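Please work from the sequences and hints to get the whole structure.
2 protein chains.
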Amino acid sequence: MSEPVRYELSDAEVPTTWYNLVPDLPVPPPPPLHPATHEPVGPDDLTPLFPMDLIAQEVSTDSFIEIPGEVLDVYRLWRATPLHRARRLEAALGTPARIYYKYEGTSPAGSHKPNTAVPQAFYNAKAGISKLTTETGAGQWGTALAFACAQFGIECEVWQVRASYDQKPYRRAMMETFGATVHPSPSAATEYGRKVLADDPDNPGSLGIAISEAVEVAAADPEVRYALGSVLNHVLLHQTVIGEEALLQMAKAGDSPDLIVGCTGGGSNFGGLAFPFLREKLAGRMAPEIRAVEPASCPTLTRGTFAYDFGDTAGMTPLMKMYTLGHDFIPDPIHAGGLRYHGMSPLISHLYDQGLITAVSKPQLECFEAGVRFARTEGIVPAPEPTHALAVAIEEALACRDTGEEKVILTALCGHGMLDMAAYTAYLEGRLVDHEYPLEQVQDALTRLPRVDV
Amino acid sequence: MSEPVRYELSDAEVPTTWYNLVPDLPVPPPPPLHPATHEPVGPDDLTPLFPMDLIAQEVSTDSFIEIPGEVLDVYRLWRATPLHRARRLEAALGTPARIYYKYEGTSPAGSHKPNTAVPQAFYNAKAGISKLTTETGAGQWGTALAFACAQFGIECEVWQVRASYDQKPYRRAMMETFGATVHPSPSAATEYGRKVLADDPDNPGSLGIAISEAVEVAAADPEVRYALGSVLNHVLLHQTVIGEEALLQMAKAGDSPDLIVGCTGGGSNFGGLAFPFLREKLAGRMAPEIRAVEPASCPTLTRGTFAYDFGDTAGMTPLMKMYTLGHDFIPDPIHAGGLRYHGMSPLISHLYDQGLITAVSKPQLECFEAGVRFARTEGIVPAPEPTHALAVAIEEALACRDTGEEKVILTALCGHGMLDMAAYTAYLEGRLVDHEYPLEQVQDALTRLPRVDV
Numbered sequence: 001m002s003e004p005v006r007y008e009l010s011d012a013e014v015p016t017t018w019y020n021l022v023p024d025l026p027v028p029p030p031p032p033l034h035p036a037t038h039e040p041v042g043p044d045d046l047t048p049l050f051p052m053d054l055i056a057q058e059v060s061t062d063s064f065i066e067i068p069g070e071v072l073d074v075y076r077l078w079r080a081t082p083l084h085r086a087r088r089l090e091a092a093l094g095t096p097a098r099i100y101y102k103y104e105g106t107s108p109a110g111s112h113k114p115n116t117a118v119p120q121a122f123y124n125a126k127a128g129i130s131k132l133t134t135e136t137g138a139g140q141w142g143t144a145l146a147f148a149c150a151q152f153g154i155e156c157e158v159w160q161v162r163a164s165y166d167q168k169p170y171r172r173a174m175m176e177t178f179g180a181t182v183h184p185s186p187s188a189a190t191e192y193g194r195k196v197l198a199d200d201p202d203n204p205g206s207l208g209i210a211i212s213e214a215v216e217v218a219a220a221d222p223e224v225r226y227a228l229g230s231v232l233n234h235v236l237l238h239q240t241v242i243g244e245e246a247l248l249q250m251a252k253a254g255d256s257p258d259l260i261v262g263c264t265g266g267g268s269n270f271g272g273l274a275f276p277f278l279r280e281k282l283a284g285r286m287a288p289e290i291r292a293v294e295p296a297s298c299p300t301l302t303r304g305t306f307a308y309d310f311g312d313t314a315g316m317t318p319l320m321k322m323y324t325l326g327h328d329f330i331p332d333p334i335h336a337g338g339l340r341y342h343g344m345s346p347l348i349s350h351l352y353d354q355g356l357i358t359a360v361s362k363p364q365l366e367c368f369e370a371g372v373r374f375a376r377t378e379g380i381v382p383a384p385e386p387t388h389a390l391a392v393a394i395e396e397a398l399a400c401r402d403t404g405e406e407k408v409i410l411t412a413l414c415g416h417g418m419l420d421m422a423a424y425t426a427y428l429e430g431r432l433v434d435h436e437y438p439l440e441q442v443q444d445a446l447t448r449l450p451r452v453d454v
Numbered sequence: 001m002s003e004p005v006r007y008e009l010s011d012a013e014v015p016t017t018w019y020n021l022v023p024d025l026p027v028p029p030p031p032p033l034h035p036a037t038h039e040p041v042g043p044d045d046l047t048p049l050f051p052m053d054l055i056a057q058e059v060s061t062d063s064f065i066e067i068p069g070e071v072l073d074v075y076r077l078w079r080a081t082p083l084h085r086a087r088r089l090e091a092a093l094g095t096p097a098r099i100y101y102k103y104e105g106t107s108p109a110g111s112h113k114p115n116t117a118v119p120q121a122f123y124n125a126k127a128g129i130s131k132l133t134t135e136t137g138a139g140q141w142g143t144a145l146a147f148a149c150a151q152f153g154i155e156c157e158v159w160q161v162r163a164s165y166d167q168k169p170y171r172r173a174m175m176e177t178f179g180a181t182v183h184p185s186p187s188a189a190t191e192y193g194r195k196v197l198a199d200d201p202d203n204p205g206s207l208g209i210a211i212s213e214a215v216e217v218a219a220a221d222p223e224v225r226y227a228l229g230s231v232l233n234h235v236l237l238h239q240t241v242i243g244e245e246a247l248l249q250m251a252k253a254g255d256s257p258d259l260i261v262g263c264t265g266g267g268s269n270f271g272g273l274a275f276p277f278l279r280e281k282l283a284g285r286m287a288p289e290i291r292a293v294e295p296a297s298c299p300t301l302t303r304g305t306f307a308y309d310f311g312d313t314a315g316m317t318p319l320m321k322m323y324t325l326g327h328d329f330i331p332d333p334i335h336a337g338g339l340r341y342h343g344m345s346p347l348i349s350h351l352y353d354q355g356l357i358t359a360v361s362k363p364q365l366e367c368f369e370a371g372v373r374f375a376r377t378e379g380i381v382p383a384p385e386p387t388h389a390l391a392v393a394i395e396e397a398l399a400c401r402d403t404g405e406e407k408v409i410l411t412a413l414c415g416h417g418m419l420d421m422a423a424y425t426a427y428l429e430g431r432l433v434d435h436e437y438p439l440e441q442v443q444d445a446l447t448r449l450p451r452v453d454v
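Residue numbers (the numbering used here), protein chains in the order written: chain Y, 1 to 454; chain Z, 1 to 454.
In case anyone wonders, no lab produced these hints; they're calculated from the structure.
One copy or any two copies: either way a pair holds, since identical chains are not told apart in the list.
Quick list of in silico lysine to any residue cross-link-like pairs, SDA-like style, CA-CA up to 20 Å:
(1) K126 / R88
(2) K126 / T377
(3) K131 / T377
(4) K321 / T37
(5) K252 / L9
(6) K252 / V14
(7) K131 / R376
(8) K281 / L247
(9) K252 / A12
Being a predicted model, the structure only gives us computed values, none of them experimental.
Here it is, written out as structure tokens:
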């Protein structure tokens with residue numbers, strides 16, 4: 001028989017705990033601050049938005065948190081996800097590198113997002129909440145939350161960034177098939193949306209604006225809470241099932257990664273894969289470089305400022321210390337809608353600041369070229385977001401062709417692109433362009449960072 | 001831990017042979033006939049269209065045919081596919097029935113079609129062929145062949161039924177991403193297409209017309225061959241990997257099916273799942289009812305005539321004895337594009353004629369209702385085609401709620417619906433209708449059946 005190309009896990013091997021990186025860090029991350037007092041936020045400040053179980057996870061100092069049985073029961077619809085060795089891509093590149101990808105596209109939403117949507121819906125349902133509101137960019141997160149809410153019998157209301165809402169009508173259709181209500185954002189359904197539309201009726205939207213709308217609706221109704229698809233500690237915590245599985249699967253493959261590479265928007269896919277490996281690295285059991293890849297048009301880590309800023313555009317969320325391009329910066333409408341976020345997870349930002357991870361940015365044409373190359377060899381059409389990581393994996397593998405190094409590369413293929421095909425058509429027809437880094441816009445947005453004396 | 005919901009196979013358990021049902025049948029199926037002489041076709045008659053390896057499989061009397069290593073290497077990008085127990089659907093229905101589904105949506109095309117596309121591309125490449133032509137309805141088959149051709153470095157040219165080409169632009173984008181050229185059918189690129197367009201410039205197309213166009217181009221060039229995505233013996237042969245895997249997986253689940261239900265367009269998905277189980281039934285080792293489900297608007301088995309007819313509309317193919325609605329019957333443009341075929345696999349037709357399988361038809365609204373119900377419980381949005389089988393599975397499971405019977409139902413979930421979301425939107429917005437069975441059109445088409453004296 002030929003060499004293995006997929007490494008599966010049995011039901012019994014699916015992780016039963018999430019991993020919390022925070023207690024293992026040499027230096028603790030800076031706390032979030034109350035937007036008015038600039039004091040560290042306490043659990044009570046977050047109760048209008050989140051149920052207590054999730055708030056407890058957000059600030060937990062436990063290394064491992066048990067996954068509830070009700071959540072595991074839903075996870076098992078698609079988990080464990082496969083780890084693939086990209087032998088056909090390797091052969092096409094003529095590289096001695098060994099490329100592995102952890103594929104999250106087999107989930108109901110076609111991405112990694114249900115890993116956190118399911119526990120978020122579960123804990124809210126358990127707390128008696130009747131409806132969740134949320135934002136979505138490319139639509140992956142909204143689809144995931146719509147699916148998860150259907151599993152636990154609660155309503156789901158989604159504000160989708162208008163640029164994606166218009167580009168990707170099938171995503172809205174999936175959310176509605178799972179039973180959710182979807183608004184384009186900015187919308188006339190919220191006070192903040194109406195304000196934005198009054199200033200600019202053609203505003204293409206941003207994740208920051210959509211968050212403001214969803215938060216506004218949740219904060220106004222005690223029966224309703226808000227769910228965030230990335231950025232926060234508890235979201236990254238839930239995503240660590242990816243990395244815990246991948247650790248077991250890499251062991252089955254008999255390989256240890258020299259380079260782990262993932263795309264970063266809010267950071268949850270990247271963190272989900274990387275954190276369990278970072279634990280092993282901090283413990284001296286392996287030594288991979290862990291590298292984040294972001295779009296050249298929204299290069300939060302590589303060009304942003306490490307400062308306290310709002311997670312949303314309206315300035316309603318707690319202040320988080322993170323790499324940011326400014327909370328009112330609106331990225332160009334690139335097709336990797338999930339990467340169009342002005343900030344970065346505070347935990348990922350802290351790791352970058354501490355030198356525990358590296359980061360690069362990639363322009364979108366190179367990413368789509370990598371995506372097409374991957375599709376034609378491995379058979380999976382990647383979502384535009386993970387093509388950023390694939391571009392780096394391919395670049396590294398081609399470098400190995402020259403050096404002869406048998407580098408082991410592990411990448412997060414966080415979703416497929418079947419609902420992003422308009423972007424591939426645009427690429428194949430030569431209609432896509434690389435967006436310039438909007439230096440002046442960012443410099444302008446950074447002048448409006450909140451002043452925080454800490 | 002909870003009860004299992006997925007049954008996986010290891011790499012070593014993936015079948016290494018295809019199963020040929022023909023030698024195990026009590027009565028052999030009628031042979032295909034030459035369209036001019038009405039004599040049984042010999043291998044030489046088929047060489048303009050197919051390479052000799054596939055012709056040999058088409059007429060093989062061996063029970064098992066070895067899968068080439070090069071084909072297995074590609075299969076293993078996604079095979080074995082999972083068998084799921086639909087516990088969350090069962091709970092929602094309150095049924096004592098046990099529902100299993102064999103899910104082919106994890107393939108590169110999102111359906112079962114690559115199971116035959118890969119060996120077809122392989123055998124053609126091995127024979128030195130430089131290009132394959134084909135037709136596609138919903139686009140699943142064209143996507144599969146485009147992927148398979150990319151794996152073996154040959155060109156792929158696809159005629160897609162215009163109704164689907166217009167409804168499903170993402171499918172065309174996927175084919176192009178895999179490197180194929182795509183025409184809407186009828187097209188101006190062929191003599192037959194130009195003739196059809198001259199008669200009716202707005203012709204929505206049909207699989208029969210698209211087959212005629214693809215066959216015309218292949219037959220005219222010795223470097224080019226044609227690939228068919230269903231209907232023929234060798235296609236159903238390749239699809240038996242589905243049923244062979246499902247047999248092993250049902251054994252792991254410790255259950256034996258009382259009812260196997262699959263949708264039928266050309267018959268390859270249904271046959272692929274059913275044939276290995278039918279072998280076991282004929283050998284007296286199990287006794288499942290095996291039931292085909294077809295759309296009410298294109299009810300080939302349940303309302304058609306068992307007669308020799310052409311596989312295509314122009315009358316270029318051999319004559320095959322099959323259930324048919326007439327080779328120039330054009331089905332209504334329902335969303336289950338893959339089921340819009342005037343005929344039925346001769347092998348499936350023979351089984352139905354012999355009383356070895358049963359058949360029913362379902363209207364599209366009931367099917368979409370089943371699809372939405374399935375999506376909200378099991379998390380997979382089914383393609384419109386397999387919702388026909390799900391509608392029957394749900395109907396049977398609900399009957400068991402009343403009778404208390406613990407019926408074991410196995411269904412073929414042959415693909416996901418992520419590229420069919422416009423159909424779900426139309427359904428959710430109340431814009432879908434049930435099409436009347438076009439009795440007069442069919443009666444008219446049947447007057448043009450070829451006269452064959454056998």
